[in-house]
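Once you've looked at the hints, dock chain V against the given chain C.
The primary structure of each chain is shown beneath.
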Amino acid sequence: METLWSRLRQDRIGTISLGIVLAYLALILAAALGLVSAGWNREVGLPYATPSLLGVQPSLEAALPAGAARPRGTSPDLSAVDPLAPKYAEWARRTAELEVSEPERSATLPWGGDRWGRDVLDKAVKGSQVSIAVGVAAALFATLIGTLLGAFAGFYGGKTNDFLEWLYNVFTSVPGILLVFALAAVLRSGGLSKVFASGIWMVVIILAVTGWTGMYRLVRAEYMKHRSREYVLAAQAIGASAGSRMFVHILPNVGHVILVQLSLLVVAFIKVEVILSFLGLGVPVDMVSWGTMLSEAQTELVIGKWWQLAAATVFMAVFLTAFSMLTDSLRDALDPKLR
Amino acid sequence: MMPTLAGVLVLVFVLFKFFGGDPAEILAGQVASAEQIDAIRRELGLDRPWIAQLGIFAREVLTFDFGKSWMTREPVSEIFMTRLPATLTITIPILLLEVLLAIPVAMLVAYFRGTLLDRIVMAVCVAAMSVSFLVYIIVGQYLLAFQWGLFPVQGWSDGFWNNLLKYAPLPVLLATLVSLAPQTRLYRSFFLDETKNDYVRTARAKGLSEPRILFRHVLRNAMIPVLTNVALLLPGVFAGSFLLEIFFSIPGLGREIFLAVNRSDYPVIQAFTIYLAVLTMFVNLAADVLYRLVDPRVQLG
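So the sequences go chain by chain: C and V. Residue numbering for the first sequence follows this note's numbering, starting at 1 and increasing by one per position. Residue numbering for the second sequence follows this note's numbering, starting at 1001 and increasing by one per position.
The shape of chain C in the complex, shown without the other chains (with noise of 0.2 Å):
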């Protein structure tokens, strides 16, 4: 652990990675906190605002010219017919009664507001939240599926490695999307649709029971390479159970391998859940994410409205990178022997 600090405090890319990825990790702590960006859902500008450094621009209604939208002519006289003419004096009077309070909306906001008014870079930063949380979590848990049963084919080999390497086929046949796509469409129909109603759930499911096969292959061909070292041999031959040798002796050994794997296979989730969460099949719609973010700025780019769409790109870019980054630096921290 020592060395492995030492080693990455020498390599210059790798500690400003860190401290970006450090950086990201106390701004999304803060926001689960409900430190920052409680208020993303909030209306606080007019829809569109424009970013601060922009200015206010004039509306799209006010460029017209005056008189324009103005319908002419009187509208005819409906009463004989409309059903609903008789509750109309009613319905204006209690509509007179409730007090209604339109909240100051800013014509500009720091980085701009969507559609619905809201700061766009609020919703980057709880979008980063909720992103990088299903990531992590996703690649945790296809980590530790694919670890155990990586675990037990390498060491046991024989009956069950045949059992599982089966299995890895049968995962590995069917191409990833396509596999992504149906238990999308089987969790998103089927009875359990009611047990994950938190919509998050669903997609760290998802990912991670597609995505551990990397994981299993590698973590299996290390325990095959582990399983007769001498120092397993010996930790056999004082009476070590085969669940201490597997777990106790034999994972401290190959944790790097996991751990270079586990932050590639975060960078991976990341990005499926951005289409997943893109497509609709992702994060449910009152939760906000850097997918969700893209799907709005696609039809916000046509009539100019770029803010949302770099505000999630250069939160989602700086991040993946500085991850990537610091994994690379990782792996060569921790396996000198590689270039």
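Worth flagging that the hints you see were computed from the coordinates, not collected in a lab. Remember, predicted model here, so these are calculated numbers, not experimental data. Possibly wrong hints are sitting among the right ones.
[Unchecked claim] Selected chain V positions facing chain C (in silico; Cβ < 7 Å): (1) Thr1004; (2) Ile1138; (3) Ala1239; (4) Ala1277; (5) Thr1280.
[Unchecked claim] Derived coverage of chain V by chain C (criterion: at least 3 residues anywhere in the stretch with Cβ under 8 Å from a Cβ of chain C; other residues may be distant): (6) 1009-1023; (7) 1120-1129; (8) 1225-1238; (9) 1250-1264.
[As the list claims (entries may be wrong)] With a cut-off of at most 25 Å between alpha-carbon atoms, the simulated DMTMM-like pairs for lysine to aspartate or glutamate come out as follows: (10) Lys1196/V / Asp335/C; (11) Lys225/C / Asp1193/V; (12) Lys1196/V / Asp11/C.
Glycine included, C-beta positions come from ideal geometry on N, C-alpha and C.
Coordinates of chain V only, in the frame set by chain C:
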């Protein structure tokens, strides 16, 4: 291969039978009486024990007859066969272009390894890979097609050449650009791994020039991992382009599966999953044989 296929069959069956919704209720829609649902259930054989249902499903798989789509009433096999050409029209050019472009770029970077150029290209690759594919498609479609009008925004026709030359170029261009970064990174590592070998040192010792070593010796040996990687990419030609198909309204397999997921159209999803699993297995088998031809050291196990 057969045990794997049986496994895929059971996996799909279990997934839809025990985790999916009740097909009869999905088929009957929102307003249906209990009798109607019962009738549908009898028609589909859902009142039989599950082992009998597995038998029905296995027969469907073996005869390649999955019945009709629940939503459009089209036979599923017909949907599959009519959607496949559109998918292949864009995925095969993508695969060819990305491999043919990545090899020279990776060789160039490997030649300048350790220099500033190498580090800049690698850093750009990592950054380019960190931006979602969605962003490339959204921005590419907006700028190149909508703003500048270089390509049609979306669409598809009945003529093959019209599709390939008019509608396919933009999706192919975007996908190739996006996959260039990871491929370059990968191929560079293949070339660098080869340059550590003894035969490279021998070639240097007898005074061969560096480009000659790279082209005559390293390139040939590095083709083996490159070929393995292409074999891994091959199955992706069938469903890998679903995002492009959705964005550009291309009537291909990926878009069809996405629509089926949204409509809970189980027969289509089940059939496509199994068809594509079978195709993937055959492609992998073919790749293994090809691999043996290229590298005589490989033994087929």
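Structure-based check of each hint:
1. Thr1004: holds (5 Å)
2. Ile1138: holds (5 Å)
3. Ala1239: Interface hint status for Ala1239/V: holds (5 Å vs cutoff 7 Å).
4. Ala1277: holds (5 Å)
5. Thr1280: holds (5 Å)
6. 1009-1023: holds (count 7)
7. 1120-1129: holds (count 3)
8. 1225-1238: holds (count 3)
9. 1250-1264: holds (count 7)
10. Lys1196/V / Asp335/C: holds (18 Å)
11. Lys225/C / Asp1193/V: OK: Lys225/C and Asp1193/V at ~22 Å, within 25 Å.
12. Lys1196/V / Asp11/C: holds (24 Å)
When held up to the earlier numbered hints, the structure conflicts with none and fits them all.
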